[in-house]
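So the sequence lines, in the order shown, correspond to chains L and B. Using numbering that gives the first Met the number 0, the first residue of the first sequence is number 0, and each one after it goes up by one. Using numbering that gives the first Met the number 0, the first residue of the second sequence is number 0, and each one after it goes up by one.
For the record, the hints were derived by calculation from the structure and aren't laboratory data. Careful: at least some of the hints might be erroneous.
[Stated by the list, open to error] Below 25 angstroms or equal to it, Euclidean Cα-Cα: the simulated DSS-like pairs (lysine-lysine) are:
id	chain 1	residue 1	chain 2	residue 2
1	L	LYS149	B	LYS6
2	B	LYS87	B	LYS101
3	L	LYS163	B	LYS98
4	L	LYS16	L	LYS163
5	B	LYS109	B	LYS98
6	L	LYS44	L	LYS64
7	B	LYS109	B	LYS87
8	L	LYS163	L	LYS149
9	B	LYS87	B	LYS98
10	L	LYS64	L	LYS16
11	B	LYS3	L	LYS149
12	B	LYS101	L	LYS163
[Said to hold, decoys possible] Cβ-Cβ distance ranges computed for the label pairs, FRET-style:
id	chain 1	residue 1	chain 2	residue 2	range
13	B	GLN29	L	VAL52	39 to 47 angstroms
14	L	ASN174	B	ALA85	22 to 30 angstroms
15	L	GLU126	B	GLY86	33 to 41 angstroms
Predicted model, so just to flag it, every value in this text is computed and none were measured. Even glycine gets a Cβ: it sits at the ideal position worked out from N, Cα and C.
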Amino acid sequence: MRELSLHILDLVENAVKAGASVVTVSVFQIRGLGLLEVAVEDNGKGLEVPQDVATDPFYTTSTLKKTGLGLSLFKGGVERSGGSMVLSTSPLGGLSVRATMPMTHVDRSPLGDLAGTLFSVVCANPELELVCRLRVDGREIEVTRSAVGKKRDMKTENGIAVAKAYYEKIREGMNTLDITQ
Amino acid sequence: MKLKSAKDLDALRKEASGRMSIRGDKKRMQIVVHMGTCGIASGAREILNTFAREIDTNGIDTVTLRQSGCIGLCDQEPVCTLQDGAGKEFRYGRLTAQKVGKIVREHVLKGDPVIDYIITQ
Numbered sequence: 000m001r002e003l004s005l006h007i008l009d010l011v012e013n014a015v016k017a018g019a020s021v022v023t024v025s026v027f028q029i030r031g032l033g034l035l036e037v038a039v040e041d042n043g044k045g046l047e048v049p050q051d052v053a054t055d056p057f058y059t060t061s062t063l064k065k066t067g068l069g070l071s072l073f074k075g076g077v078e079r080s081g082g083s084m085v086l087s088t089s090p091l092g093g094l095s096v097r098a099t100m101p102m103t104h105v106d107r108s109p110l111g112d113l114a115g116t117l118f119s120v121v122c123a124n125p126e127l128e129l130v131c132r133l134r135v136d137g138r139e140i141e142v143t144r145s146a147v148g149k150k151r152d153m154k155t156e157n158g159i160a161v162a163k164a165y166y167e168k169i170r171e172g173m174n175t176l177d178i179t180q
Numbered sequence: 000m001k002l003k004s005a006k007d008l009d010a011l012r013k014e015a016s017g018r019m020s021i022r023g024d025k026k027r028m029q030i031v032v033h034m035g036t037c038g039i040a041s042g043a044r045e046i047l048n049t050f051a052r053e054i055d056t057n058g059i060d061t062v063t064l065r066q067s068g069c070i071g072l073c074d075q076e077p078v079c080t081l082q083d084g085a086g087k088e089f090r091y092g093r094l095t096a097q098k099v100g101k102i103v104r105e106h107v108l109k110g111d112p113v114i115d116y117i118i119t120q
């Protein structure tokens, strides 16, 4: 995949499929150490197999196909850029996928359109509580779907107005923190 | 809307009640964009966002937009399934932003399926 944001979208889709009602997406930049950390945590049913099995491209829970490329591709991309990916139990009770990689590695994928990615998630999953944490060197901004939704009037039932407001909040947060691609 | 009287409250109740009935209405059209890894890698995010933009721009409030996983048609991605008011499903494949615009104009707004883009019906 061309962008880290597309991997994030894929991980959120996995979380939704695992029955999550809350998903936290974190993008942290530690500039002093030159590190980028991307994490997706959920309160879904968690991992049912060991980590090495879950990242095997020929392991899938789907009955429609024989491959499960999402985690495998993400792990490959992270490791190609000199980083590492860890699967563990999330503080929310489900799965935590956390990747750390050097920001300046030539093979690191760009962050991409994070706001557009989260717009998609909010738009198409109105029941999901989506929390996005953006942090650069200790300065943090958190955007939650419920907080954004509360400020909208009730004419937003198709979720698009809330998604647009969420998109703007993320854009604003990224500009405020000056998050680099 | 600021509530200043019982009349305002009643108007709000009626308005909300109307919307609740729309939400529960089985005749509502649903568009599901399939966002498995294959779909996302093929551009499903842009497709979903284009649907949202078209729905918003055209002021359409009778469509529910959802996402789901891979349906095993990886070579046809990005794919969406449109379920019309009668519950009939239409599957559109190899979507582009242009195709989405046409599907919204023809199928969503006029009720005419875009046969050329259908992969299974």
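Here's how the hints hold up against the structure:
Under the criterion of a C-alpha separation no larger than 25 angstroms, the hint pairing LYS149/L with LYS6/B is consistent with the structure, at around 24 angstroms. For the proposed pair LYS87/B and LYS101/B, the alpha carbon gap of about 19 angstroms is at most 25 angstroms, so the pair holds. The hinted pair formed by LYS163/L and LYS98/B meets the criterion: a straight-line CA distance of about 23 angstroms does not exceed 25 angstroms. A C-alpha spacing of about 24 angstroms is found between LYS16/L and LYS163/L, which places the hinted pair at or below 25 angstroms, so the restraint holds.
Proximity of LYS109/B to LYS98/B is assessed by CA-CA distance (about 15 angstroms); at most 25 angstroms being required, the pair is judged to hold. With a C-alpha separation of about 21 angstroms, the suggested pair LYS44/L and LYS64/L falls inside the 25 angstroms cut-off, and the hint holds. For the given pair, LYS109/B sits about 15 angstroms from LYS87/B by alpha-carbon distance, which is consistent with the 25 angstroms threshold. Of the pairs offered as hints, the one joining LYS163/L and LYS149/L holds, with about 14 angstroms between alpha carbons and a cut-off of 25 angstroms not exceeded.
Pair hint LYS87/B plus LYS98/B holds up; C-alpha atoms about 20 angstroms apart against a cutoff of 25 angstroms. Between LYS64/L and LYS16/L the alpha-carbon distance is near 16 angstroms, which keeps this suggested pair within the 25 angstroms criterion. Distance hint between LYS3/B and LYS149/L is fulfilled; the C-alpha atoms sit about 21 angstroms from each other, no more than 25 angstroms. Proposed proximity of LYS101/B and LYS163/L is supported: the alpha carbons are some 23 angstroms apart, at most 25 angstroms.
For the pair GLN29/B and VAL52/L, the supplied restraint of 39 to 47 angstroms is violated, since their beta-carbon distance comes to about 35 angstroms. For ASN174/L paired with ALA85/B, a C-beta distance near 46 angstroms fails the hint of 22 to 30 angstroms. Distance hint for GLU126/L and GLY86/B: a CB-CB separation of about 22 angstroms, inconsistent with the stated range 33 to 41 angstroms.
The earlier numbered hints that this structure contradicts are 13, 14, 15.
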